[in-house]
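Engineer: With the hints as extra help, turn the sequences into a complete structure.
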Amino acid sequence: MKIIITLLMMCFTIVQAQTPGDSGEFRFMTYNIRVGKGLDQVKSLARIADIINREMPDIVALQEVDSATTRSGMAGQAQELGRLTGMHAVFAPAITFDGGKYGVGILSREEPISIKRVPLPGSEEPRVLLIVEFRDFVAASTHFSLTEEDRIISAETLKAEARLFDKPMFVGGDFNALPGSEPIISIGREFQTLSDTTQYTFPADNPTRCIDYIFAKQKRDLKYRITQKRVVPEAVASDHRPVMVVLTNFGRQ
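The numbering of the sequence shown is our numbering, which starts it at 111 and goes up by one.
To be clear, the hints were calculated from the coordinates, so they are not data collected in a lab.
Among the clues, some could well be false.
Unchecked claim - Cβ-Cβ distance ranges computed for the label pairs, FRET-style:
1) Lys226 x Ala345: 31 to 41 Å
2) Ile205 x Leu288: 43 to 53 Å
3) Arg299 x Thr358: 19 to 29 Å
4) Asp315 x Asn163: 17 to 27 Å
5) Ile205 x Glu259: 15 to 25 Å
C-beta: ideal position from N, C-alpha, C; glycine also.
Structural biologist: Put into structure tokens, the structure is as follows:
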């Protein structure tokens with residue numbers, strides 16, 4: 111199996127990055143961007159970047175990201191969003207598609223120190239978990255399968271990967287699972303749900319269900335307090351709405 115370290119560590123930021131622990135606030139977003147294609151059928155990464163910039167996240171977990179596909183004009187979408195937001199960008203492919211790759215990504219203010227791509231099962235198509243390590247914490251992005259059995263296995267894989275780190279892990283993604291379903295219950299046995307599961311995330315123009323989440327697994331002495339959790343009321347730019355969590359008193363105690 112070809113290992114694609116098209117885990118493209120696209121860290122071309124010019125701005126001086128401030129770590130979350132330095133500021134005492136940590137802002138985490140998860141966003142399924144549908145390769146930048148809005149419900150108005152307009153494809154615009156600039157519009158996605160504007161949404162991200164307004165929310166000023168420290169980390170963005172991205173799903174449905176293209177890299178060098180024909181349909182996206184051969185662009186590296188994670189890299190382009192990194193450029194438009196002034197953030198470091200990492201991409202992890204799930205599948206080969208349309209002349210390029212398709213998968214998930216992470217944008218970050220802080221420069222990553224390690225990157226890991228973990229394959230996940232998908233009956234309809236392979237899935238992936240992207241894990242990016244930083245100085246004081248670990249961030250992950252994922253997009254679970256449409257099949258329940260695959261999602262249950264993926265939840266166990268996520269928990270097993272989190273146990274390998276002696277740092278808190280924050281995970282954002284499109285889990286394709288409702289609150290109270292077995293995969294979400296399974297994750298909840300070892301992770302705290304940070305996002306508000308009573309707010310719906312999909313479809314963006316008239317949300318009827320919550321399938322996008324932010325989770326955290328606490329370790330070591332990094333402490334925080336949840337001061338904001340909400341679904342961003344963006345109804346056009348993608349078929350999912352972005353999910354935001356803001357933590358304060360974020361730092362080593």
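Engineer: Hints first: check each against the structure and report whether it holds.
Structural biologist: Okay, the hints, checked on the actual structure:
no.	hint	verdict
1	Lys226 x Ala345: 31 to 41 Å	34 Å, holds
2	Ile205 x Leu288: 43 to 53 Å	25 Å, violated
3	Arg299 x Thr358: 19 to 29 Å	26 Å, holds
4	Asp315 x Asn163: 17 to 27 Å	22 Å, holds
5	Ile205 x Glu259: 15 to 25 Å	19 Å, holds
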